[in-house]
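Student: Dock chain B against the given chain A, drawing on the hints supplied.
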Amino acid sequence: MFLTMVLITITVIQTSIAQRIKGSDTVLPLAQKESETYMKLHPKARLTVTGGGSGVGISALLSGTTDIAMASRKMKFDEKAKFQQAGKMQVEKIIAYDALAVIVNKSNTVAQLTRQQLEDIYTGKITNWKQVGGADMAIVVYSRETSSGTYEFFKEHVMKNKNYKNSVLSMPATGAIIQSVSQTKGAIGYVGLAYLNNEVKALKVSYDGKTFVLPSFANAKNKSYPIVRPLFFYYEKKAEAKVKPFIDYVLSAAGQKIVSEVGYIPLN
Amino acid sequence: MQAFVKKTLLLGVMLGLWSILSAQETEQTPLEKVENQVEELSTSVGFLSKFKLSGYVQADFQGGQEKSKLKVGAAKSDEESTYMRMGIRRGRVKLTYSDKIANMATSGVFQVDITEKGIGLKDAYFMFTDPWINGISVKAGVFDRPFGNEISYSSSLRESPERSTGCLNLFPGERDLGAALIIQGPKNHPLNGLKLETGLFGGNGINQDNDNKKDWISHLSYKKSFDNVQFGLGASFYYGSVYQGNDTVFQMKDKEFILKHNDGLGNYSERMYYGGDAQLLISTGLGMTNLRVEVISGKQPGLKESSASPSTSALPQGKTYRRDFLSFVAYFIQDFGRHSIVLKYDQYDPNIQVAGNEIGKGGTTKGDIMKQNIGFGYLFRINAHLRLMGYFDWAMNETTSNLNGYEKDLYDNTFTCRLQYKF
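Note that the protein sequences, when read in sequence, are chains A and B. Using my numbering, you'd call the opening residue of the first sequence number 127 and step up by one each time. Using my numbering, you'd call the opening residue of the second sequence number 2 and step up by one each time.
Same shape as in the complex, but just chain A (with noise of 0.2 Å):
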């Protein structure tokens, strides 16, 4: 009896630590619908979540002004040692996967591109959508801004690191790339696989120049589409009694459902 009262006594404290979150705009919409959820089923749980971008979500933790950090991707070296240096222990958690899609204007008429015809894009190579069978057309380069970790990302996995060209027009956040690429008849962008909608065409993409996929969850899980990441929660070590209930809830099969729902791709 005395036990039972002290681990009901230890769940409510625990379930009504006021937490942040805050960090990737891609993980974003998921943190969200998770701890809505979460707080129904806790109703003392107090959660808040915020966005911004992967980088500046790992400096609110760094800092102390967020108790998880959303990031779509790893944390870099020079993040680690800032840590370090601060003495803090950060613990890394994958909650789900993420395809990411390329975007362009509902009138494009081009439907596929491979990976080079993509870096060449970005760099600057290709600026006229003839260029990849499309009408004569300038390109207009959309991307998220250098804090982002889809930024990161996409640089890395798709541009293999190659720089992006100086002409390249940096959005703050997901939402603001969809609603440009919709607006602009020559626009092409890339968003998280839970922020496709009918405003936008999704291109299908070929790293072997062979076969091209479009990007869906099928095609995501199944690992047909070449363009998934991981996506993550960072929080501190010695905070871990404090989020813990939240990210397992997270990774509970409840909370990989929600993963589904929402449009990404569950761990199993």
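Watch out, some of these pointers could steer you wrong.
Taking lysine to aspartate or glutamate and the EDC-like style, the derived pairs with C-alpha atoms no more than 20 Å apart in a straight line are [unchecked claim]:
{"id": "1", "chain 1": "A", "residue 1": "Lys200", "chain 2": "B", "residue 2": "Asp228"}
{"id": "2", "chain 1": "A", "residue 1": "Lys208", "chain 2": "B", "residue 2": "Asp228"}
{"id": "3", "chain 1": "B", "residue 1": "Lys196", "chain 2": "A", "residue 2": "Asp204"}
{"id": "4", "chain 1": "B", "residue 1": "Lys224", "chain 2": "A", "residue 2": "Asp204"}
{"id": "5", "chain 1": "A", "residue 1": "Lys288", "chain 2": "B", "residue 2": "Asp228"}
{"id": "6", "chain 1": "B", "residue 1": "Lys225", "chain 2": "A", "residue 2": "Asp204"}
{"id": "7", "chain 1": "B", "residue 1": "Lys320", "chain 2": "B", "residue 2": "Asp248"}
{"id": "8", "chain 1": "A", "residue 1": "Lys202", "chain 2": "B", "residue 2": "Asp228"}
No wet-lab data here; the hints were simulated from the structure.
Tutor: Chain B alone, transformed into the frame defined by chain A:
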């Protein structure tokens, strides 16, 4: 008359109504008031965010053997043998102003050192970066000499209480007065890891420039990071001179100092260093494994009993002794979570042309004695602001039977316990 009164009253009423209506027009709604206040606050915060105040305080408790020279407290009295002192080793306050002017990143930095011994200038410089590729910067004022890695490695991060003996002798105070050009690949550019810093300096530390010659200092470095490994490599060059304030100039030849004729008062002795540095950081589940090495060799003009670089406003007046030197330092730090162990070795040979019993003959003095230090340390990063250090420095020196006091190793080991607060 009645008509006049009526007209006057009507005019008064109209004026009153007009003033009420205009007052209603200018009166702000609560929302507009809040919006204006937010705008004002936003402007103020925007301006204040251009300033950054940072710093750290190092409170030391030191113990030293009878021949040691502790960095805090008063010098040892004749009555004391082993002695202990406590004091503020460094009390730094740094103010940085950063702003974009005409799309150009600019910054101005002032740093002072405030301890019980007084207040001293550490940094006073400005820097601006080109607005086109963000890869070329100009820096001018008093700042760290761009040579090697040890100089620019902040004392608040360094795992030992002091820099290596060689660094302390060759670059007293670390800083110099001058201007430098910094060329680095822009952020997110593949060449971002490559950096060239090159500039002209007074060669006299933070003191007033006092001669016509300027020293050229350059450092070319490359840093690359992977998921769990980071390495850095660098090469440095120092080409300068030291004023000869005396017509007696000695130069080494066949293990002894020889008087050099026709090269005396008012001329300059060459001060030339070559340096190489390498750093390796590995991130493991335990924390970081950190290895840093640096080697410097070259020509150093000094005095009879000291090979230290000039660091006063006055021109040197003593006899000049030209020596070829070699300096080496290696740090090894292994983290275990918030705890670290530190192992450091450094060696400074001010005169590589003589060794052992050769010293004390041919005009050589204690200024030609090689020194080695082996340091053992422990660090505890209590939190993001507080760090505790325990460090034992085992100091060794070259011995010679031809120099009084140096027939055996000096009793000059030291122990430092330091608590650092950083903000």
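Student: Does the alpha-carbon distance linking Lys224 (chain B) and Asp204 (chain A) stay inside the 20 Å limit?
Tutor: Roughly 11 Å between the alpha carbons, so the hint for Lys224 (chain B) and Asp204 (chain A) holds.
Student: For the pair we were handed, Lys225 (chain B) and Asp204 (chain A), check the Cα-Cα distance against 20 Å.
Tutor: 10 Å, holds
Student: Would you check the hint for Lys196 (chain B) and Asp204 (chain A), treating anything up to 20 Å between C-alpha atoms as holding?
Tutor: Status holds; Cα separation ~17 Å.
Student: Given the proposed pairing of Lys320 (chain B) with Asp248 (chain B), does the C-alpha separation stay at or below 20 Å?
Tutor: Given that 20 Å is the threshold and the Cα spacing comes to 7 Å, the pair holds.
Student: For the pair we were handed, Lys288 (chain A) and Asp228 (chain B), check the Cα-Cα distance against 20 Å.
Tutor: Distance of about 18 Å is within 20 Å: holds.
Student: Are Lys200 (chain A) and Asp228 (chain B) close enough, with their CA atoms no more than 20 Å apart?
Tutor: Distance of about 8 Å is within 20 Å: holds.
Student: With a cut-off of 20 Å on the C-alpha distance, tell me whether Lys208 (chain A) and Asp228 (chain B) pass.
Tutor: Status holds; Cα separation ~14 Å.
Student: Would you mind confirming whether the straight-line C-alpha gap from Lys202 (chain A) to Asp228 (chain B) stays at or under 20 Å?
Tutor: 7 Å, holds
When the structure is compared with the earlier hints, no violation turns up for any of them.
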